[in-house]
Each structure stands twice: as C-alpha cells, then as structure tokens.
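**Student:** Below are the chains, spelled out letter by letter.
Protein chains: 2
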Amino acid sequence: MKPYAFGVDIGGTTVKIGFFTSEGKFIEHWEIPTRKDDGGGKILPDIAKAIVKKLKEHDLTVDDLEGVGVGVPGPVVAGGIVNKCVNLGWDVVDVRTQLSDLLGGVPVEVANDANVAALGEQWNGGGKGHDNVVMVTLGTGVGGGIVINGKILPGVHGAAGEIGHMKVKEGETATCGCGKKGCLEQYGSATGVVRLAKIALANNPDADSALRKLDPLTAKDVFDYAKTGDELSLQIVDEVGKMLGEAIAHITCVLDPDVVVIGGGVSKAGQILLDAVLKHYTPAAFHASRHSDFKLAVLGNDAGMYGAVRMILNK
Amino acid sequence: MKPYAFGVDIGGTTVKIGFFTSEGKFIEHWEIPTRKDDGGGKILPDIAKAIVKKLKEHDLTVDDLEGVGVGVPGPVVAGGIVNKCVNLGWDVVDVRTQLSDLLGGVPVEVANDANVAALGEQWNGGGKGHDNVVMVTLGTGVGGGIVINGKILPGVHGAAGEIGHMKVKEGETATCGCGKKGCLEQYGSATGVVRLAKIALANNPDADSALRKLDPLTAKDVFDYAKTGDELSLQIVDEVGKMLGEAIAHITCVLDPDVVVIGGGVSKAGQILLDAVLKHYTPAAFHASRHSDFKLAVLGNDAGMYGAVRMILNK
Numbered sequence: 001m002k003p004y005a006f007g008v009d010i011g012g013t014t015v016k017i018g019f020f021t022s023e024g025k026f027i028e029h030w031e032i033p034t035r036k037d038d039g040g041g042k043i044l045p046d047i048a049k050a051i052v053k054k055l056k057e058h059d060l061t062v063d064d065l066e067g068v069g070v071g072v073p074g075p076v077v078a079g080g081i082v083n084k085c086v087n088l089g090w091d092v093v094d095v096r097t098q099l100s101d102l103l104g105g106v107p108v109e110v111a112n113d114a115n116v117a118a119l120g121e122q123w124n125g126g127g128k129g130h131d132n133v134v135m136v137t138l139g140t141g142v143g144g145g146i147v148i149n150g151k152i153l154p155g156v157h158g159a160a161g162e163i164g165h166m167k168v169k170e171g172e173t174a175t176c177g178c179g180k181k182g183c184l185e186q187y188g189s190a191t192g193v194v195r196l197a198k199i200a201l202a203n204n205p206d207a208d209s210a211l212r213k214l215d216p217l218t219a220k221d222v223f224d225y226a227k228t229g230d231e232l233s234l235q236i237v238d239e240v241g242k243m244l245g246e247a248i249a250h251i252t253c254v255l256d257p258d259v260v261v262i263g264g265g266v267s268k269a270g271q272i273l274l275d276a277v278l279k280h281y282t283p284a285a286f287h288a289s290r291h292s293d294f295k296l297a298v299l300g301n302d303a304g305m306y307g308a309v310r311m312i313l314n315k
Numbered sequence: 001m002k003p004y005a006f007g008v009d010i011g012g013t014t015v016k017i018g019f020f021t022s023e024g025k026f027i028e029h030w031e032i033p034t035r036k037d038d039g040g041g042k043i044l045p046d047i048a049k050a051i052v053k054k055l056k057e058h059d060l061t062v063d064d065l066e067g068v069g070v071g072v073p074g075p076v077v078a079g080g081i082v083n084k085c086v087n088l089g090w091d092v093v094d095v096r097t098q099l100s101d102l103l104g105g106v107p108v109e110v111a112n113d114a115n116v117a118a119l120g121e122q123w124n125g126g127g128k129g130h131d132n133v134v135m136v137t138l139g140t141g142v143g144g145g146i147v148i149n150g151k152i153l154p155g156v157h158g159a160a161g162e163i164g165h166m167k168v169k170e171g172e173t174a175t176c177g178c179g180k181k182g183c184l185e186q187y188g189s190a191t192g193v194v195r196l197a198k199i200a201l202a203n204n205p206d207a208d209s210a211l212r213k214l215d216p217l218t219a220k221d222v223f224d225y226a227k228t229g230d231e232l233s234l235q236i237v238d239e240v241g242k243m244l245g246e247a248i249a250h251i252t253c254v255l256d257p258d259v260v261v262i263g264g265g266v267s268k269a270g271q272i273l274l275d276a277v278l279k280h281y282t283p284a285a286f287h288a289s290r291h292s293d294f295k296l297a298v299l300g301n302d303a304g305m306y307g308a309v310r311m312i313l314n315k
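Taken in order, these protein sequences are the chains called V and W. For the first sequence, position 257 (counting from the first letter as 1) is numbered 257 according to the working numbering, and the numbering increases by one without interruption. For the second sequence, position 308 (counting from the first letter as 1) is numbered 308 according to the working numbering, and the numbering increases by one without interruption.
Hints are computed from structural coordinates only; laboratory data are not their basis. Even glycine gets a Cβ: it sits at the ideal position worked out from N, Cα and C. Honestly, I wouldn't trust all of these hints.
Claimed, not checked - Just so you have them, the derived chain W footprint on chain V, three or more residues with Cβ under 8 Å:
#1 154-164
#2 172-181
#3 256-263
#4 283-294
Next comes chain V alone, as it looks inside the complex (with noise of 0.2 Å):
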C-alpha cells in the first residue's frame, strides 16, 4: 500500500479536502470554493491541483498515493458515476475516471455524501467499532447512509439510504421536495421542525409561548426551547420524535444494525432529541432490536471526508 490518501467531500459552496496516512491517521485538512460556473466543469480539475499542490509541500508526488476518495451530494451508480447533480451543475459525470486521470491515474473511489458521512461515523465516529451501522443525518433535508460489513451499501439505483423519504403520515396536505407528502424530510430535517412549529402556532392562536416572538424561528430554537420546559416546544419535539423514532424502528426491522448513529445540524439538540426518539421507538420496534444502540454523530462537517478516505484504505 502506497503512505498516503485524500478524502475529499464536496459541497454545494466549499469541497474540503483532507490528506491521510494510508494508516487512516489525519494529517489535516482544508477547503477550496466550489466553482459551479462552466456547469461544474472546474471543480475536478481544481481538486486535482489542489491535491498536487499539497502532496509538492510536502515533498510527494501521485505515485505516493494509495488513491483519493470523493463524496459527491448527488446520486451515484456503479463505477463511480455521478448522475445529475443539480447543486453542482453537473449531468452525467464519470467522476472516478475524470479525477483519476487528472492524477496521472491513481484509483479513484466515489459515493453519494450522505452515504460517505455513514462510513465516516461507522469508521471513526458515532458508530466506531462496529461494522453494521445506520446513520440518520438531520440536516436542511433528512438523508441517511447504511454501512453493512463495514463497506457503504450504494443501493442499484444509487438510493439506499434515502430515509428521508420514507412515507411517514398519512392524510398530509404539505408536498415534499420530492412530490410526495407525508416524507420523514417533511417532519424530521430542520426546515421540518420549523414547518411543525409554524403550524403549532398558527394552530393554537392562545398558547403563551417564546417561539411566537421569534423571527426567523430556527430548529434550534425549538429545542432550546424545549429544554427551557415551553409547552409548545416540547409538543412539537414530541412530534418530530414520533416521526423519527417510528421510521427508525421500520429500518431496525429491516436491518438490526449494530448502533444507530445521528447526526447533521438538528442532531446538536443533544439528548432531548434521542429521548424523544427512543420514547416513539422503543413501543414500535421489534422485540429483538428494541434495545438497539443509539449514538449521536461526532465527527460533524469532518465525516465527509473520512468516510471518502475509507473508502480508499477498506477497499
């Protein structure tokens, strides 16, 4: 095995690189903007010089690479292509022989984000030490990573893990991004929070409660307000925990994982949001993974790019 490997995570604004030993021990990391203009065109080719620009400060060149792993926030098929990645102005990009060739042909490993973040947490997170793990991320939307045996689980169409899709509730008159109603992302993601928090308001016109004052009304508010005892914060933490809490007892069902780990910007709640989770999933999951093991995430915005340099050094 070659010494070194760069897990890169692209994003919509900033790709953030990191470089690593091929014994998986961080060196560090950085950011480039993500230039979207020329319908993607510059973004491979300024991760690759950025990438040969940091092996020159320290003396390496390609041949020192063991490979680069690259998350990318859109769907990905088999052999590392990207299809239709509207946040990046992309189409159909052959990421992995785009970027490898660009290197002077290292091995190139590509993965939807969400499913590299999973391996990240599985790796060296939430769910290290095990090789079976969901993650659940709750973000703007609610996406989410299965790592089985320790490897990402892609799925035929690119989409395992898509959770936040899930149909949830029945009778929703509110459309999801993605044309259903009633989706987890419709409940669970933060965008999902402050809906349920607008309409708990609007619902109860009497009800003498801080968030009615507050604007913008964020996510975080409401469960900085719930732990302040805010009736309608509680409620409505209450809700998103029924939601999350019954999906995830639909995915232990189907998967028993080793531990449940969640994460993205609404995981920061903390354990009032687990409690509200566990409360809703323990009556509804099966007896035998009732008990299973939850985690928060811990590697934050870091998980992209060491679940992309995983993917590298666990091929």
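Chain V is already provided as a structure; the job is to place chain W on it using the hints.
**Tutor:** Positioned in the frame of chain V, the structure of chain W alone reads:
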C-alpha cells in the same frame, strides 16, 4: 473444494434435506420427521444419521462433504447458535458445533429459515442473477430476508428482515403475536387476510359477497373471489396491497435492492397480489426506486434447502 454438500431446512413438522454437488447441482431431496420430544434433542442426531445414510447409498463418506447448511425456524446469533426456538422445543442450541461434531467435523453454517429462503431465491429463484435481494414471505405470518452482496444479512440480534413487525397502521386495536399493534403481519399474512375479510364482512352486513358463505374462509378464497370480481374481496385485496406496498416502499428507501421477491403461500395468488402491491408501492416509493423490480418467488418450499446449501458453497 470437496465434491458434495447438503442443505437442510428444519421445519416444525418435517426436516427437508437436499443433496447437492459443490457446483450447486441438485441431486435429490427427501424429508424426515421433526422429533420435538426430549426438548428437541433428537433433531440434530436424526439429521446426522439421515445424511450419513444418504452418503452410504452413494458410496460416499463425510470426507466427501464440503459442508452442511442449516435453516432453523428461530433467531440465530453469531457463531451459528440458535437462541430459543420454541417451535422445535429448543432453548439455546449450538447447532453449528453440535451438528459438526455429529458429522466428524464437517463445516456447518446456520441461519434463520426466512433468511435462508431469501438466499435460496436470490441464488436460484426469483432473484437469480442479482446480488441484493429483499424477500418478503407471506405465510402464516409475514417474514423476510435480506441478501446483500450475495450473503445473508443476519442482523446483530439475528433480527434483520423481520419486516412482518414493521408498524404500518396507526390506531389498530387488535394485537399482533409480537405484542405490538398495527404490524404488517396483521394484514399481509394468510391469517391477516382472513382477519381483514372477517372484519369487512362484519362491517358490511348488507354486502352480497361470496365470502360470506364460506366456512372456513381462507386467504386463497379472498384472492380467488377477487379474481371473479367480488367487490368485498377486491376491497380486502386492495387493503392488503396498501399495507404491503407501503411497507415495501419503506424497505426500498432503506436498501434500494436489485429486486424484491414475494413468496409464501399468499403469493400463490400471483399477478392480482403483485398488482395490488404495486398500485400502492409506486406512489409511496422514492422516485429513484419507484420502478424497482418485483418478482414472485419460484422455489416454494425448496427455497430453504437451496439457501441452506448456498451458505456452504458461497462462503
């Protein structure tokens, strides 16, 4: 690789034993009774004797065996240990070690019967040619099995694929065998279909349905009369399809498998069942996996012995 292997499917009444070449060619199968007295202590010795006798008939010995795969109707934890199998009278039984010792040390692999059936269908049935298969078994209960990269996913508590206990309905008043309310098994199993039919007959006392005259009423009757256009039967089939279709949409959101195979006695209803499932699956599924491949199982009761031997031949 040694030239022969056996696949054993232990049921509550009979044990089905299949004799195969190590290339996976089926030679013959036969059944022996499952003797449950003495806490099920005769079951493994009976199997060992039957195998040795069969080998003798072919002028072979255990030295010609690559191994024996076994499916059991209960949870199997790491190391081939069965953890309480009430159907067989077993408490905790180390099937791998005990059966191997009875057969002069040949390798033995053990898994839950629903998982083994899924592997059989993946290898040689409805999922043939695909590595990632979800099997949904609609029998007396609803079981399931998950095959990832050609291997059974057992789950950390031996409970992966327990999809019969996904909670698919709010407000159910009847209790599932597992103690929860609203499990898929309460609607999608043969028992569940009959239960729904009885509820529908009671709730529609004026409905002129052919089902009303039947005693006993079976799940097959409901599908048979639905095929002839009986209105109440069609409604029941639609409700069964809704519960199954929405639950399978959850599963494909999580796994995005190559194919979903539907088996078990209820699946003999055929296309009318698939149509009812797909009617509700398609709008509930995430768009990327909306057109997932659905197949009917083809191996029937042979799936277990095929899957059992496959565990040995694809280690």
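**Student:** Broken hints, numbered, in rising order?
**Tutor:** none
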